[in-house]
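Protein chains in written order, with the numbering used here: chain A, 1 to 396; chain B, 1 to 526.
One thing to keep in mind: the hints can contain errors.
[Said to hold, decoys possible] Pair ranges (Cβ atoms, derived): (1) B:F177 to A:E201: 49 to 55 angstroms; (2) A:R331 to B:G256: 48 to 54 angstroms; (3) B:E168 to A:E135: 29 to 35 angstroms; (4) A:G240 to B:P390: 46 to 52 angstroms; (5) B:P390 to A:E201: 40 to 46 angstroms.
No wet-lab data here; the hints were simulated from the structure. Just so you know, even glycine gets a beta-carbon here, dropped at the ideal spot from N, CA and C.
Now for the letters of each chain:
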Amino acid sequence: MPIPSPFHSRTSALCHSMLWKDWAGYYAVRYYADCHEPEYFAFRHSAGLLDVTPLFKYEVHGPDAPSFLARIMSRNVAKLKVGRVTYVCWCDDQGKVIDDGTVSRLEKHYYRVTSAEPSMHWFERFRRGYDIQIEDSTTRLGALSLQGPSSRAILEDASDADLGALEFFALTPCRFGHIDGWISRTGYTGDLGYEVWVRSEDAEAVYDAVMEAGRLHAILPAGLDALDVARVEAGFVMNGVDYFSAHHCLIEDRKSSPYELNLGWTVKLDRAPFVGQEALRRELESGSDRRFVGLVIDWDETERLFNSYGLPPELPLSAWRDGRPIYARDRQWIGMATSGAWSPTLKQNLALAQIRSEFAEPGTRLQIEVTAEYRRHTVTATVASLPFFDPPRKRA
Amino acid sequence: MSYDAAIIGGGHNGLVCAAYLAKAGKKVVVLERRHVLGGAAVTEELYPGFKFSVASYVVSLFRPGIIRDLDLPAHGLELLPLETAFTPLQDDMGLCRWVDPERSRREIARFSVRDSEIYPEFGLTMTKMARFAKGVIDSPAPDPASLKPSELLELWRFSDELRNADPESLYMHLKLFTMSSVDFLDQWFESDVLKAPMSVSGIIGTYLGVRSPGTAYVLLHHYMGEIDGAFRSWGYSKGGTGGLSLACASAAEALGAKIRTEAPVDHVLLENGRARGVVLENGDEIRTKTVVSSCDPNLTFLSLVGEENLDADFVTAIKRYKLRGSSGKVNLAVDRLPRFPGRDGSAHLRGDIAIAPGIDYLEHAYDEAKYGDFSSRPYINVVIPSVIDPSLAPPGKHVVSCFVQYAPYHIKEGAEHWPAKREAFGDAVVETLAEYCPGFEESILYRQVLTPWDLEQQFGLTEGNIFQGELSLEQLLFQRPTAGWARYRTPIRNLWMCGSGTHPGGGIMGACGQLAASALLGSGEL
Ligand SMILES: Cc1cc2nc3c(=O)[nH]c(=O)nc-3n(C[C@H](O)[C@H](O)[C@H](O)COP(=O)(O)OP(=O)(O)OC[C@H]3O[C@@H](n4cnc5c(N)ncnc54)[C@H](O)[C@@H]3O)c2cc1C
């Protein structure tokens, strides 16, 4: 049974759909009113406000915090500048991904880590010999994500932060009226966006301040269904959907390395030892078996297929995550699409997939399974580079 | 009327065996000593309006294949999953584990954040291990001494599963075979409050402590607990565990088996070293082609067959077979639900409640038992099935089942002195519960105390052993009940075994009855 987040009094008052999901043990809204689309469009055209408190949060501080985190994370976060955030993953000794998240450097010796899954015991496992403290701040802090082109204007009204100066993946302490918090220039939508971090007891007041400031900027409270579409367009992998944490895999084949998840760019090999380094080096030398790619599913073929049954093309209303087999031309199974969505912005039918490396070149034509009128078919899906959608304002 | 087979004992294994034989077209009669069917899986209305699962109280390993083969749901079988595992403490709200993994994580994190995160990983590893063990339950024990190609193939297949396992699983198996349940759990967890209730699954029905080597293996059984063939936890049978036995009986009768109660067998009829039928206590003779006994090996051979009719080595082996019961049962009718401090409502009472506040507590309980006393503060496994199944008690009232360990059969005064200690034992159980649930004693309307002595008298379980013989490693697989005789046959021709004293052992599994029936049908003796 989920528990309420510190924003629950506000989100539940707005949630007319009564559609909730369990996100890491918290109540999370799927969408607030008739469907998720207006909230998706808010992410892309105005601003959508999402409660992201269920992300796990850890405060790591002390003189050895930089070297400790560098030891665990795929990146050398000891080199991260104060006031910057970075996206990372972390692996087991075999170089298989356990989780992905962000690391923020709040002060010289103070970091904040977010993760999709509880990670305390994994961090604790390596703490011996390091002069550090680790605190699970998941329940102590509330977190909001405000995403979309008007997010900057809204937060400039609601807080005292100078957001014009806050670069992509930077972070700043700020005040909402007399309340202390932080704003980071981060998000999971691939758009201009920010995340707000406050003490739980201040959560409601900050929510109100942001909504109030947003009224003039067409803000909408947004739920997870809208986020799911946006993150597919942005090509972000999701733990538990596009890959499984190495901790939860009954069979080896289910595990993935960062290179197989398109997260190779987060791995910095040539530095002091870190967990998984040797295995990752070996994989980089010998090449990875699989790749994580985007697929664009051929629309005309899809339309013809459904037309042959006298039907218009039928697509799931929101993003899907139930897994579909991918074949090469000769019907050979070469991997699976793990999630996908119709992109309302690109007008394309998109999927994220893990497939054998030799088929991963953009432009390669593959086949994806499609069910039409209870019968299985395949249609062409072309490999595309990620992200599918990458507006300049994301970094502006 | 002539029968192909007489089955001694109408416990669930006897009934399952009868149903399979009848399904194959054989004429079968089941002879049960008591006035009710079910053996240790029995429901009785001990107090007006209150129906008790008198002995066994939860179902876990009952083979889903049997449910399908015998169409048991059509005969009234309904299994309801246990939803929680609650460990009350004296000065705290205790630990409750729920179906919702996040809720369990938050509960465990109150005692150890580390443990709360490792807990699902432990479950995953044990599930992986249980997959090997599950194949073992569903097939007859391989015979390592045989040179028959089929046997060798079987043994090879069994070891092959292990050989194909990754090294980590292999090490894990070795550990499970050799370690104590506490040592094994210590490698994973730090919190006593979590480890204690987990460790007890290794000692249920054994005269061993949670720190005794070899107890780790039985932990696996918890992760084999399955309902509907899916790996899931333990469940109640609607109407008590007797409900399951009655469904088996109804299926057997529908298939043509004859079932008689109050028909105690005095001895097996032997002619020229062959079983030719049975003689009832009233002198009636029932002649059959074969006899199948679902009683424990001790009762079957030393009493129903008789030492004088058996080879001396075999008799010695049967006498060495460890029974030594170690548990008792207290059944209570109460006029309200127990209230545990810090917990409202009844959600935490929908599963099992373990009085197991710490490892030392459990080991102390064992210490007393080792030297011939019942534990003054025992491990108690409490369930209140009427919370889920209202047919068991009048509205608002409840049946409380307390499985208690340790109550050694061999108390220092001698087992026959148990009747004089029965109520003192019952008092210790109620007093213990009241320490966690203040005022509990005032809610009691009726109490039944079953010591191991009573289990022997009432259920024909020698030395009160709940599993017809300890489930310790040296008494499992091709050694159950004894080396060379693990395939349901006995040294007496036409006499077979089908009770929990055979492979794969005790518990409401039905596997012994099913595997015995298929061995008998395959033998050509019928
Ligand atoms: C107190 C207690 C608690 C338990 N708890 C659980 C639990 O929660 N979950 C679980 O899975 N298992 C539990 N068990 C174990 C489980 O109940 C047994 O392993 C299982 O019921 C045995 O079934 P069976 O058919 O092999 O033998 P039994 O049920 O022992 O059947 C043997 C039958 O033979 C009859 N009989 C004996 N002598 C004669 C004779 N001379 N003539 C005719 N009939 C005779 C007996 O009356 C009995 O009906 C428990 C057992 C006990 C005693």
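Against the structure, the hints:
no. : hint                                 : verdict
1   : B:F177 to A:E201: 49 to 55 angstroms : holds, 53 angstroms
2   : A:R331 to B:G256: 48 to 54 angstroms : holds, 52 angstroms
3   : B:E168 to A:E135: 29 to 35 angstroms : holds, 32 angstroms
4   : A:G240 to B:P390: 46 to 52 angstroms : violated, 39 angstroms
5   : B:P390 to A:E201: 40 to 46 angstroms : holds, 44 angstroms
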